[in-house]
Amino acid sequence: MASSNPNNQVVGAMNVENDGAEPVQPRQPKNLQGLLRFAMEATKAEDAPGNSELGPMDEERRKFLEEALKSLTIDVAEVLQKSIKILSDSERIQSIQLGQELPEDVDIAFSNILELVDNIDTANDFYKLGGFSILPICLGCENDKIRSRASSILAELCQNNPFCQSRALECGLFNVMLHLAPSEKGMALAKCISAISSMVRDFKPSLQELTAQGGCELLANTLQGPDISARTRAAFLIRYLCNSYVDAKDKFVQQNIVKIIADLLKEGRDDTSEHLLSILDTLVQDVDPKVIKLCRDPGLNLDNILKEHLKNPELDECFIEERDYCRSILRVLENFPQFEQLNSEVDR
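Using full-length UniProt numbering, the letters of the sequence shown correspond one by one to residues 1 to 348.
Any given hint could be a false lead.
DSS-like, lysine-lysine: derived pairs with alpha carbons at most 25 Å apart [as the list claims (entries may be wrong)]:
#1 Lys85 - Lys145
#2 Lys259 - Lys307
#3 Lys311 - Lys259
#4 Lys185 - Lys259
#5 Lys85 - Lys128
#6 Lys307 - Lys266
#7 Lys290 - Lys259
#8 Lys266 - Lys290
#9 Lys293 - Lys266
#10 Lys293 - Lys259
#11 Lys128 - Lys204
#12 Lys82 - Lys128
#13 Lys185 - Lys145
#14 Lys311 - Lys266
#15 Lys307 - Lys293
#16 Lys82 - Lys145
#17 Lys290 - Lys307
Pairwise CB distance ranges (calculated) [what the hints assert, rightly or not]:
#18 Glu104 - Pro289: 54 to 62 Å
#19 Gly186 - Gly268: 15 to 23 Å
#20 Gly99 - Asp247: 34 to 42 Å
Please keep in mind that the hints were generated in silico from the structure rather than gathered at the bench. On a predicted model such as this, the values are computed, not experimentally measured, just so you know. The C-beta atom is built at its ideal place from N, Cα and C for all residues, glycine as well.
All chains should be modelled from the sequences, with the hints used to inform the complete structure.
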């Protein structure tokens with residue numbers, strides 16, 4: 001976060017070599033002239049030959065440079081507080097109707113928050129400043145742009161951040177997203193799936209809630225929807241879940257995710273094909289008899305679907321990973337040609 005120190009003191013500095021010994025940290029410059037001298041010393045090796053001595057600075061030049069440096073700093077807490085105040089005005093936010101352009105101050109408030117909370121410490125400060133209070137207000141707005149921006153903020157807050165993941169679950173925001181997603185479309189749905197993904201990744205309490213509250217069914221349905229961006233994000237999350245959380249994997253197997261993927265591949269390749277194949281490859285690598293049984297269902301004809309997919313000449317030129325996934329899946333399935341035998345193994 002940016003310093004609110006009125007003197008704009010410099011916090012960091014470069015390491016310098018000490019005749020082959022361990023690097024030493026030079027004394028930190030404490031004022032503008034020291035900062036400029038430090039910068040000149042650090043960069044003079046790259047400069048053209050010349051006099052690098054820094055003479056005394058006159059008052060006018062010092063004042064100008066101090067103002068320039070001050071203009072480059074912001075008070076992060078103040079910016080967040082102003083943005084939170086704008087977006088927590090429930091009456092005003094709810095008055096922004098579907099299809100209406102966002103007021104400039106609302107748009108700027110969203111942008112400022114999103115830009116700042118990608119830093120984990122700032123994300124945590126955002127919660128402590130009461131920032132989470134804007135999320136249910138914005139997610140309840142009929143304007144899809146408002147909901148999309150709120151989902152983006154929630155995704156950024158929770159990305160690799162157990163503190164915010166825990167707070168989002170405690171505040172009920174995770175369940176809000178699970179119940180909101182089925183009614184969302186287009187970019188609002190894609191952003192919603194991104195937020196769900198950020199809230200569950202590497203955070204077991206939310207993973208458990210996802211499987212208990214129908215999250216796997218939601219993702220499987222999204223995978224079959226018309227929006228490419230939402231389908232892609234759902235596929236990323238499904239693959240992660242199949243790799244990392246056995247309860248979720250079992251849910252997807254129960255829903256016959258193999259058939260869902262095969263049917264989608266049969267419709268022809270698109271931008272989601274690589275991600276669909278990556279899910280299938282993840283599933284078959286464990287050689288789970290239930291998964292292999294689904295893949296070897298003669299009514300599915302998965303082998304032929306994959307072989308037909310491999311005939312696409314673009315796979316060798318542009319979509320190499322897609323080609324490799326197909327080959328990897330087929331190699332596994334070739335080891336399990338007897339469908340009746342698999343049936344008896346699963347039944348036992």
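Hint check results:
At most 25 Å may separate the alpha-carbon atoms for a hinted pair to count; lysine 85 and lysine 145 meet this at roughly 19 Å. About 16 Å separates the Cα atoms of lysine 259 and lysine 307, which keeps this hinted pair within 25 Å; it holds. Annotation: proposed proximity of lysine 311 to lysine 259 holds, straight-line Cα distance about 21 Å (limit 25 Å). Taking the CA atoms of lysine 185 and lysine 259, the gap is about 24 Å. The hint holds against a cut of 25 Å.
For the hint pairing lysine 85 with lysine 128, the CA-to-CA distance comes to about 14 Å; that is within 25 Å, so the pair holds. A hinted pair counts as satisfied when its Cα atoms are at most 25 Å apart, and lysine 307 with lysine 266 qualifies at roughly 11 Å. Between lysine 290 and lysine 259 the alpha-carbon distance is near 13 Å, which keeps this suggested pair within the 25 Å criterion. Distance restraint check for lysine 266 and lysine 290: the Cα-Cα separation of roughly 22 Å lies within the 25 Å cut-off, and the hinted pair is therefore satisfied.
The straight-line distance between the Cα atoms of lysine 293 and lysine 266 is roughly 19 Å, inside the 25 Å bound, and the hint therefore holds. The straight-line distance between the Cα atoms of lysine 293 and lysine 259 is roughly 11 Å, inside the 25 Å bound, and the hint therefore holds. Taking the CA atoms of lysine 128 and lysine 204, the gap is about 23 Å. The hint holds against a cut of 25 Å. As the CA atoms of lysine 82 and lysine 128 are separated by approximately 14 Å, the hinted pair is consistent with the 25 Å bound.
Straight-line distance between C-alpha atoms of lysine 185 and lysine 145 comes to about 11 Å, which keeps the hinted pair within the 25 Å bound. Taken as a hint, the lysine 311 and lysine 266 pair is honoured in the structure, with Cα atoms around 13 Å apart against an allowance of 25 Å. Distance restraint check for lysine 307 and lysine 293: the Cα-Cα separation of roughly 19 Å lies within the 25 Å cut-off, and the hinted pair is therefore satisfied. Using a Cα cut-off of 25 Å, the hinted pair lysine 82 and lysine 145 holds, with the two alpha carbons roughly 20 Å apart.
Using a Cα cut-off of 25 Å, the hinted pair lysine 290 and lysine 307 holds, with the two alpha carbons roughly 22 Å apart. The hint said 54 to 62 Å for the Cβ distance between glutamate 104 and proline 289, and at roughly 59 Å that hint holds. Here the CB-CB span from glycine 186 to glycine 268 is close to 22 Å, well matched to the stated 15 to 23 Å. Between glycine 99 and aspartate 247 the beta carbon distance is about 41 Å. The supplied range of 34 to 42 Å therefore holds.
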